[in-house]
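Put together the whole structure using the sequences plus the hints.
Counting from 384, one number per residue, gives the positions in the sequence shown under our numbering.
Read the hints as simulated data drawn from the structure, not as lab findings. The model shown is predicted, which means the values in this text are computed figures rather than measured ones. Heads up, the beta-carbon is just placed ideally off N, CA and C, and yes, glycines get one too. The reader is advised that the hints may include incorrect statements.
[As the list claims (entries may be wrong)] What follows is a set of in silico ranges between Cβ atoms, one per label pair, in the way DEER data are often shown:
# : residue 1 : residue 2 : range
1 : G501      : D478      : 20 to 30 angstroms
2 : I676      : P503      : 44 to 54 angstroms
3 : E670      : H470      : 34 to 44 angstroms
4 : P503      : A749      : 33 to 43 angstroms
5 : I676      : D472      : 46 to 56 angstroms
6 : F587      : D478      : 17 to 27 angstroms
7 : R714      : S495      : 26 to 36 angstroms
8 : E504      : Q668      : 32 to 42 angstroms
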Amino acid sequence: MSGLLNHPATAAAARTGLVLTGGGARSAYQVGVIGALARMLPRDAPSPFRIVTGMSAGAIVAAALACHAARFRTGAIALERVWRNFHCDQVFRADTFSLLRVGLRWALALASAGRLVGAPESVFDNSPLRELLERRYDFGQMRAAMSAGHLDALAITASNYRTARSVAFFESRVGAADRADDWLRGMPTELSVNHLLASSAVPFLFPATRLDGEHFGDGAMRQIAPLSPAIRLGADRLFIVGVRDAPASSAMIAVDRVPSPGIGQVLGFMLDTLFIDALPASLVQLERLNRLIDQSAVPAPDGLRRIAPLVISPRASLSEIAARHARTMPRSVRALLRTFGIANVGGSELLSYLLFESGYTRELIALGAADARERRDELLSFIARAPAAADDRPTRNDHRVAVA
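Right, dumping it as structure tokens:
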């Protein structure tokens, strides 16, 4: 198996793409999956993913892996080390003075109807995240990996506030993205930390980022085709790591025991709706196209090809895990969130996106690693195998889907 995974011809034939959806602190789950996968491969193996794409916090994880495409395990372990030791003040200013200043500005803007001062751009100042990314990310290293043939393309998705459309900013090896020539939502560019900040700018919570004269926000917004960037850039196989909760129980609860939803719960619901996961619908559409190609008696039209996906997503509720770790948030942040009713069980949905604290991220990393190890043989077979046979059919296991 090791020799097959290391063989350049296998990697080129497979053209496997990595797709990381978004979700703030929830992306610690993706870090756990990737870390476990890296430990299954030879220590010095290059990335098994020729094409890497991400949105929201998933873009931050994707870019880290692209920068270490020459030594996949080294990059995965370095990424894991950062996420295992995360604190909120590494992502946004969590000190009392900064949060008080934002609160006072909101109050003054409201009291004066915006005449004295305008409302702040966002609840949180994410300049610490910029400092962290600038310190740790070397896109020159990513370009070197492309030149050496370890990586074909990296795409980072962000949402344009003016046009209300998602845009995939991508950088690719010369000649590696010929299928993206007519891609209306793809923009070739020289990627930078600004693209990561734009892609991870959760609306209302973090400020928009200006790119090419336009303002962009979180890449998970308005993203109705999360698989498109990787497919457009030439992937024939897709390894997808989602961060959505496992399906909730449908058990009925007595009406008199259900509290009225607080502002925090409503905000969490709105954020979850804003980031509504188009992945299941995209997989259903992909499955239908695969069957159409398999059953067709004539060659598929130019550009239409069979795509084999494998999906891993949490088998536990990340919101429930976040609720258990709510008290690990800095006291100043808890005080602010409490005014919105967020720092309690009812607001755990929103909390699960914001809880950049090591207790929470470590549990999510462990969950992701356990989910990956449980499917070790399937993962290694998927990465090493040649393109799927026409008679392969999807297999389903709860919220997880594997088509190979």
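Status of each hint after checking the structure:
no.	hint	in the structure
1	G501 to D478: 20 to 30 angstroms	holds (23 angstroms)
2	I676 to P503: 44 to 54 angstroms	holds (51 angstroms)
3	E670 to H470: 34 to 44 angstroms	holds (41 angstroms)
4	P503 to A749: 33 to 43 angstroms	holds (36 angstroms)
5	I676 to D472: 46 to 56 angstroms	holds (50 angstroms)
6	F587 to D478: 17 to 27 angstroms	holds (20 angstroms)
7	R714 to S495: 26 to 36 angstroms	holds (30 angstroms)
8	E504 to Q668: 32 to 42 angstroms	holds (37 angstroms)
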